[in-house]
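Enquirer: Between the sequences and the hints, there should be enough to build the whole structure, so can you do that?
Chains as they are written, first to last, in this note's numbering: chain A, 11 to 302; chain B, 11 to 302; chain C, 11 to 302; chain D, 11 to 302.
Careful, some of the hints might be misleading.
[As the list claims (entries may be wrong)] DSBU-like, lysine-lysine: derived pairs with alpha carbons at most 35 angstroms apart:
#, chain 1, residue 1, chain 2, residue 2
1, B, LYS97, A, LYS15
2, C, LYS280, A, LYS97
3, D, LYS225, B, LYS15
4, D, LYS122, B, LYS225
5, B, LYS280, D, LYS225
6, A, LYS280, A, LYS225
7, B, LYS122, A, LYS97
8, C, LYS225, D, LYS280
9, C, LYS280, C, LYS225
10, A, LYS225, B, LYS15
11, C, LYS225, A, LYS280
12, D, LYS225, C, LYS122
13, A, LYS122, B, LYS15
14, B, LYS225, A, LYS15
15, C, LYS15, D, LYS15
16, C, LYS122, A, LYS225
17, B, LYS15, A, LYS97
18, D, LYS15, D, LYS280
19, C, LYS225, A, LYS225
No wet-lab data here; the hints were simulated from the structure.
As the structure is a prediction and not an experimental result, all values here were calculated from the model.
4 protein chains.
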Amino acid sequence: MIPYKLAARNGSNINTTIQISSQEGPCLIGEGSLTVIAGPCAVESEESILTNAFLVKEMGAHILRGGAFKPRTSPYSFPGLGVEGLKYLALAKKETGLPVVTEVMDVRDIDKVMEVADLLQVGSRNMQNFPLLQELSRLQVPIILKRGFAATVEEWLLAAEYIMSGGNHQVILCERGIRTFEASTRNTIDLGVVPLVKELCHLPIIVDPSHGTGKWQMVRPIAKAAVAAGADGIMIEIHHHPEEALSDGEQSLNPQNFARLMTEVGMIAKVEGKEFLRINPSPPMHSSLNAD
Amino acid sequence: MIPYKLAARNGSNINTTIQISSQEGPCLIGEGSLTVIAGPCAVESEESILTNAFLVKEMGAHILRGGAFKPRTSPYSFPGLGVEGLKYLALAKKETGLPVVTEVMDVRDIDKVMEVADLLQVGSRNMQNFPLLQELSRLQVPIILKRGFAATVEEWLLAAEYIMSGGNHQVILCERGIRTFEASTRNTIDLGVVPLVKELCHLPIIVDPSHGTGKWQMVRPIAKAAVAAGADGIMIEIHHHPEEALSDGEQSLNPQNFARLMTEVGMIAKVEGKEFLRINPSPPMHSSLNAD
Amino acid sequence: MIPYKLAARNGSNINTTIQISSQEGPCLIGEGSLTVIAGPCAVESEESILTNAFLVKEMGAHILRGGAFKPRTSPYSFPGLGVEGLKYLALAKKETGLPVVTEVMDVRDIDKVMEVADLLQVGSRNMQNFPLLQELSRLQVPIILKRGFAATVEEWLLAAEYIMSGGNHQVILCERGIRTFEASTRNTIDLGVVPLVKELCHLPIIVDPSHGTGKWQMVRPIAKAAVAAGADGIMIEIHHHPEEALSDGEQSLNPQNFARLMTEVGMIAKVEGKEFLRINPSPPMHSSLNAD
Amino acid sequence: MIPYKLAARNGSNINTTIQISSQEGPCLIGEGSLTVIAGPCAVESEESILTNAFLVKEMGAHILRGGAFKPRTSPYSFPGLGVEGLKYLALAKKETGLPVVTEVMDVRDIDKVMEVADLLQVGSRNMQNFPLLQELSRLQVPIILKRGFAATVEEWLLAAEYIMSGGNHQVILCERGIRTFEASTRNTIDLGVVPLVKELCHLPIIVDPSHGTGKWQMVRPIAKAAVAAGADGIMIEIHHHPEEALSDGEQSLNPQNFARLMTEVGMIAKVEGKEFLRINPSPPMHSSLNAD
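Expert: Written out as structure tokens, the structure reads:
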């Protein structure tokens, strides 16, 4: 018997589609659309998040990401700007009109994060933080549920079930790489889960090739592969100056490579028959482009 | 450079020893002692925890374990009795005089758990729940920090560092099996970490062969192996009627096998030169023994 | 220092291209082309391999695969037809004009296999069979070197180096899935290695989504993903009646799904700017098509 | 249904015991005995293997190991002395009277190796080299079958079945560590397989803590743990000057640590009720001892 009753496909062809409202009209995640979420790993300063948010908008991506509360392996690493970071995110949202997603790690932060975010992200390390999942199950806000780096597909869908069983059916699954014996990349991106999850479950699934590979050179090919495998979206780390990023610089795309990714991913989306509405596909400002 | 400054051995031979006070006098965890923590997976009822607590005491084990808040993969599984379970644990502690350890998953439960527990356990899924680690770092109570099922040794020691860097130096590491390709056991117990951690770090390390193997038949040999490898203690799931347990019955020892484990582990402890003070080594009551 | 001197890219942009001669003119593997290798897991009978070989040709794939010597986990499983299977493969080659690849497991079989095969395959279990690699290094025939299911990228490239250092530079790398904790698919396909290997090494790399996923439903999306990630080719298991196959039936495509794969992969190849010359793209015979 | 018919325990309590004949009388592997196999990773020279062989004998170990044909990840690493190494092994056997085990990788080498060896070793990389297993199945000589570094227990027992189903029932299983996400040790030693294999199968099982850990500091505690877990023997890499070893120096014990291991393992064996007959427990010559 399938243990995730609400997340299971159960023979139906109907897929969950999630609607995000934004200043520029609704944006859809799920069947028929390809959604690009992009932004810096962390909100580093007011100036930095604004620069990156405008870049995201110029490139025609749909949702801005940026971490205010950062889970860090070491207690001595930069933990994010916290509440101050949320304030800058709110500003970036207001200035660009982009919907915003940010991570929540602590049940006590949910209210504060909800004031800014249009979607909440549950990070890989918290996929089985059950008190957090239970609190999120009581909200009516889309949740991006990252797969734990050693979570089986069944555990992942059961984590989604925690959120759904409390009444929040707006769950977006996000593959972000798993931990294997292979150490030459940060994680092993598991694109097989895209068709597998589509077969088992009706929820949208997106892919994060930035964490999934850990190397910016691999992000573009793997983003395209994710779309070709059937993903409903991708989540990309970008930075206007990756070499100066406070975290994850090696896996962040600079503006030039981000532009190239958007063009090429769009071509794959077209082959896949996915709508790839680029919100505001204005040409990127030359001043913000660096060569790689 | 070693990133876990406070947990690192740094060339010193001095090991951290942690003292647990109990009605019957202090109990030590660390160099020179072998500590046995035992009890049921979950606190199931007042009667059940009392029966098992007396069994733990009769067998001469040192600390009672029992879960009130249970992390469960499925939202539809028994989640523990919660606050009611804590009440029964308090009673078992009072009746037997045994110190008590129980898991805390939610920062909002810490105060309640602290009213009962002599040690707090951070479970495998919460090893990188950083807000939880930060709250625990402000307490003065011993923390059993289970290794995440896909955590590297470095990540584990950095999680200990989170607790230590906030001021709580009473951390006990607990190996409980890792996730590998091998599916014939619940987890793969990694006993190599015992000598490895002893070389890198001055904290005590114990082993949980119950979760580490998932099969009661393997618990006794692996418990002995853990002690032979140099572990400072073992944590064992027992149940007076494993076949009726609400969770983890297949990995719980019945009274007869628990008695045999205590005898044999004691013999290995002696070879290792470890003090294995059995608090109250009264012969187990015949009525509570089942055959396997 | 890079330990695989001959396989390493060493800053050069020149990629190795391998030419396979066939009755219908040369076929290229490597930069600029997308090569499709297809056929049944095992050569099962004269009739079966002929049917499948014509299917491969009709669909416009480039190379016929089929196992005569099969590595089987159990000594009681069908081990392939051996020398008899080679005879049938030779007939299929003659009748269709397709180049043929088949696996060699035993150094004593190399001469026999060489009489038929245009390419030799080293299977996953033999990636570190060093005497076999050394014998193959003395030949002048292309070798498809499958990645061991638990081999790191460095070990894989060093296995290629074994073949190259003996004088045979015609090595084609083949990713076919690795072994991880995830048990819901036969293997975890690691598409991240496609861009990674392209960065490290000048050899062509192809992907086997059949073994990589173990489920025919996942083969088409993962084949497309492989091409989008930059693979130089794909290797596909097909069968005119998968439900009757002697091995690997669950991961073999029936004619209808194979046809769909060829069409869709061709579209991705076009986006990638790859030449996808379909040797003889005649419409598949209706009689050989089954519905899924 | 259990797929390994001959290897399976099938409810019987009878365990296979394997008898090795030597100049000093028979030596048993299996129930009731603890067997120590020791020697250098590779046969490096006549002088070196003689020195180490006498060391093995002086310490009271039972069987000499030493590699003449070495599987090496890189084609540029020392591959062993080959036939010359066999000649030196034969001399060491004659001089010390110790039985000898050495690895065979190539079916074409079996006859040559059989002239010297009392037991043949199948290495981790060849556990699924089926042509090799089939040739060994026709011999009447004990085979030490190392577990593949990513082999499941079922695959391992099926590899044993290959040897048994051909008529050679003298198989000794050897756990030598598996490959996991943990990179701080060379492999992850899986001691859980000792009780697991004992439950599933009647064949003897030994443990190789040298490869299993990759660090000499961990070898002694893990050797003791293996015996406490129920292993029938241990296989240890030693070297009279580990720092000068041509391979595996970091995991080889020097004479002083080897002596300490023998003493401590003997104490655990006694607790386990195992006979630990030290063939010639003369005190080690002082000249051959180094400090660690």
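Enquirer: Give a verdict on every hint.
Expert: To see whether the hints hold, each was checked on the structure:
Distance restraint check for LYS97 of chain B and LYS15 of chain A: the Cα-Cα separation of roughly 34 angstroms lies within the 35 angstroms cut-off, and the hinted pair is therefore satisfied. A threshold of 35 angstroms between alpha carbons decides the hint, and for LYS280 of chain C with LYS97 of chain A the separation of about 45 angstroms lies outside it, so the pair is violated. Restraint check: the Cα-Cα separation between LYS225 of chain D and LYS15 of chain B comes to about 23 angstroms, which is no more than 35 angstroms; the hinted pair holds. Between the alpha carbons of LYS122 of chain D and LYS225 of chain B the distance comes to roughly 44 angstroms, so the proposed pair goes past 35 angstroms and is violated.
Distance hint between LYS280 of chain B and LYS225 of chain D is fulfilled; the C-alpha atoms sit about 26 angstroms from each other, no more than 35 angstroms. Between the alpha carbons of LYS280 of chain A and LYS225 of chain A the distance comes to roughly 26 angstroms, so the proposed pair stays at or under 35 angstroms and holds. Proposed proximity of LYS122 of chain B and LYS97 of chain A is supported: the alpha carbons are some 34 angstroms apart, at most 35 angstroms. Taking the CA atoms of LYS225 of chain C and LYS280 of chain D, the gap is about 52 angstroms. The hint is violated against a cut of 35 angstroms.
Annotation: proposed proximity of LYS280 of chain C to LYS225 of chain C holds, straight-line Cα distance about 26 angstroms (limit 35 angstroms). Distance hint between LYS225 of chain A and LYS15 of chain B is fulfilled; the C-alpha atoms sit about 29 angstroms from each other, no more than 35 angstroms. The hinted pair formed by LYS225 of chain C and LYS280 of chain A meets the criterion: a straight-line CA distance of about 26 angstroms does not exceed 35 angstroms. The hinted pair formed by LYS225 of chain D and LYS122 of chain C fails the criterion: a straight-line CA distance of about 45 angstroms is larger than 35 angstroms.
Of the supplied pair hints, the one linking LYS122 of chain A and LYS15 of chain B holds, its CA atoms being roughly 33 angstroms apart against a limit of 35 angstroms. This hinted pair checks out: LYS225 of chain B and LYS15 of chain A have alpha carbons roughly 28 angstroms apart, not beyond 35 angstroms. With a CA separation close to 46 angstroms, the supplied pair LYS15 of chain C and LYS15 of chain D exceeds the 35 angstroms bound. For the proposed pair LYS122 of chain C and LYS225 of chain A, the alpha carbon gap of about 44 angstroms is over 35 angstroms, so the pair is violated.
The straight-line distance between the Cα atoms of LYS15 of chain B and LYS97 of chain A is roughly 34 angstroms, inside the 35 angstroms bound, and the hint therefore holds. Straight-line distance between C-alpha atoms of LYS15 of chain D and LYS280 of chain D comes to about 33 angstroms, which keeps the hinted pair within the 35 angstroms bound. The suggested pairing of LYS225 of chain C with LYS225 of chain A holds, with an alpha-carbon distance near 29 angstroms, which does not exceed 35 angstroms.
The structure fails hints 2, 4, 8, 12, 15, 16 (numbered hints given earlier, in ascending order).
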